[in-house]
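Enquirer: Using the hints, position chain B against chain A.
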Amino acid sequence: MNFIVALSCEAKPIIDELRLTKQFSPTPFPVFRNDFHRLVVSGIGKVAAAAATGFLLGSSSRKQEVQAYLNVGIAGHGTLQTNTAFIANCISDDQGKAFFYPPQIIDSDFELSRLCTCSNPNQKYEKGLGFDMEAHAFYSIASRSTTRELIQVLKVVSDNEGQSFESIQPTMVTDYICNHLPSILTFAQELDTLAKEISPNLETLDLQERARKIHPFSQSQIFQLDRLISHSRTFDLEEKDLIELIEKSNSPKEAIHNLNTFIDPARILS
Amino acid sequence: MIKNIYYEQKVENHDRTQEFFSRFPQAAKISCNHFKEVFNPSGQNFRLQKKNPSLILASQNGKKVHPIPAKYGVGGISNFYFSHLFNCLYDCRYCFLQGMFPSAHYVLFINYEEFWDDIRSKADEVSNSPSWFFSGYDCDSLALESTTGFVDFFLPKFSKLPQAFLELRTKSVNTRVLKNREPLPNVIVAFSFTPEEISRQLEHGVPSVSARIKAMHQLATLGWYVGIRIDPVIDCQEFESRYALLFHQLFDKLPEDSLHSVSLGAFRMPHGFFKKMDKLYPQENLFAGKLSKNKNSVSYEPGIETKRLDSCRSMLLEYISPEKLFTCEMSQGK
Chain A
1 MNFIVALSCE AKPIIDELRL TKQFSPTPFP VFRNDFHRLV VSGIGKVAAA AATGFLLGSS
61 SRKQEVQAYL NVGIAGHGTL QTNTAFIANC ISDDQGKAFF YPPQIIDSDF ELSRLCTCSN
121 PNQKYEKGLG FDMEAHAFYS IASRSTTREL IQVLKVVSDN EGQSFESIQP TMVTDYICNH
181 LPSILTFAQE LDTLAKEISP NLETLDLQER ARKIHPFSQS QIFQLDRLIS HSRTFDLEEK
241 DLIELIEKSN SPKEAIHNLN TFIDPARILS
Chain B
271 MIKNIYYEQK VENHDRTQEF FSRFPQAAKI SCNHFKEVFN PSGQNFRLQK KNPSLILASQ
331 NGKKVHPIPA KYGVGGISNF YFSHLFNCLY DCRYCFLQGM FPSAHYVLFI NYEEFWDDIR
391 SKADEVSNSP SWFFSGYDCD SLALESTTGF VDFFLPKFSK LPQAFLELRT KSVNTRVLKN
451 REPLPNVIVA FSFTPEEISR QLEHGVPSVS ARIKAMHQLA TLGWYVGIRI DPVIDCQEFE
511 SRYALLFHQL FDKLPEDSLH SVSLGAFRMP HGFFKKMDKL YPQENLFAGK LSKNKNSVSY
571 EPGIETKRLD SCRSMLLEYI SPEKLFTCEM SQGK
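Residue numbers (the numbering used here), protein chains in the order written: chain A, 1 to 270; chain B, 271 to 604.
Only chain A is shown next, with the shape it has when bound in the complex (with noise of 0.2 Å):
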């Protein structure tokens, strides 16, 4: 699991709860992790905000797994109490005209709002709409390499027509997260379990890459090859009679041949 969190007042309540650690390699961006989640602080603003996204990207060591990413932070809204905490489901940009409609999958019971995100802050409480400075630079970029389901937004909301944000202080920050804090985790928690869900399976991956380095397989061969082993796991096959055969077969072609032999009378439905 991802967290983009503009400020570290924020960041605070699920870097404790989590235990995260701060990542002391110089990185453009303060990064918090453990085995299990990363959180970067990425900063007020679109562009900051945009370019922490894509540095939490491009710096995956997990690159096979699909991951998920949360947004979270404050929000100004128009019709919602102050420490409402919201999933974004429209996301628009003061200055431009793409929407994001982020897929609800999980129940939960957070309330769902639109959301607008602003280059400045926003002093105009527009009914029913929601206002922070990141999401949608967020959503932008996370989008291109992940499927929509697993980015979401989500807001508490620290301003509104009776509390205007400038009276809004750090630690009043720190509590509107913290209050919310087992759900947010929880929410994450199964953004995480989806993700794993459509994961490639580690196991079939790694079974390939030894299989490639058996033989001298060219690009058609590695295609074909990873694709019977795949199946291969699909049909239970078992892995060791896999290996085997392979490396009994005396050249690529031999063993993909082999391997066809050895799956075909497996390809019928039960």
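Note that these hints are calculated values from the structure, not bench results. The reader is advised that the hints may include incorrect statements.
Claimed, not checked - Simulated restraints on C-beta separations:
id	chain 1	residue 1	chain 2	residue 2	range
1	B	H336	A	E17	35 to 43 Å
2	A	K248	B	G313	40 to 48 Å
3	B	R390	A	F165	42 to 50 Å
4	B	P592	A	L205	18 to 26 Å
5	A	S270	B	S301	44 to 52 Å
6	A	S164	B	Q296	50 to 58 Å
7	B	P295	A	L205	42 to 50 Å
8	A	N201	B	S399	49 to 57 Å
9	A	K124	B	K563	53 to 61 Å
10	A	Q163	B	S301	21 to 29 Å
Just so it is clear, CB atoms sit at the ideal spot from N, CA and C, and this is done for glycine as well.
Expert: Using the frame of chain A, we list chain B on its own:
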């Protein structure tokens, strides 16, 4: 339970939209300019969305009635299909919708009246012969009836246009809307089947084969014409005995004169659709079967396809006359 309703701004004040809003008061309502803004973007995952699809209310402003692929009909000369709804309540692994649509959200086109105008125009154009209208190409005709009211709207219309035939294709047992009215001689309720063992593996969320057979028999008894769609035919272990049992169950108690037609179609898919489906479900046994690519299409290896179709054909002809049997050579399995 619908949790999100997207709607095109232009249909916001339509009676049907307002009816949906009041029927799902808890759902978040999100306006959009055009349904394609929500439905079409790249980078969506059909498999994940299928867990919790949203509803999109839209108006179909383009062409509403289309000619069907050649050799697909069930006896008519002028054959058309129309889609008031994109996507299906069920999750059949062989269904081409997974490969065709970028999203699993339901898109409901609520301008039924305009669909009807186009259907009537097409029927008038070919008034010298019966015209056929197929409604279950991009959805199940009955499964979401309690939400859409589609059949409830169209049946009275078709009752006044006897030269036009309507096929409702379904795997649903939600047939109350039909049971509550007099049968129409120009409406065929066509049920799709695979053997129970295949259905359990591939037809997720679909009523059991026995429940569908029961629903079909009930409608037939009430006087509705029914159709049987063995499409797609799926290769499997014990193929002959499983299909023989299915056919026996289907025809055993079915009044012969209520059977309009039986159609048969092999599992066949445009290559692009297949690639997408295979990627969505890399562990799916069906997609790792003995399939081959021929031109732009993926289907069972020719020998298997011919053998299985021939086998089904000869078994079916033990129960029905050849005039009632149609082979859909271009079928795509839905």
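Enquirer: For each hint, tell me whether it holds in the structure or not.
Expert: Going through the hints against the structure:
no.: 1; hint: B:H336 to A:E17: 35 to 43 Å; result: 55 Å, violated
no.: 2; hint: A:K248 to B:G313: 40 to 48 Å; result: 43 Å, holds
no.: 3; hint: B:R390 to A:F165: 42 to 50 Å; result: 57 Å, violated
no.: 4; hint: B:P592 to A:L205: 18 to 26 Å; result: 52 Å, violated
no.: 5; hint: A:S270 to B:S301: 44 to 52 Å; result: 48 Å, holds
no.: 6; hint: A:S164 to B:Q296: 50 to 58 Å; result: 32 Å, violated
no.: 7; hint: B:P295 to A:L205: 42 to 50 Å; result: 47 Å, holds
no.: 8; hint: A:N201 to B:S399: 49 to 57 Å; result: 54 Å, holds
no.: 9; hint: A:K124 to B:K563: 53 to 61 Å; result: 57 Å, holds
no.: 10; hint: A:Q163 to B:S301: 21 to 29 Å; result: 27 Å, holds
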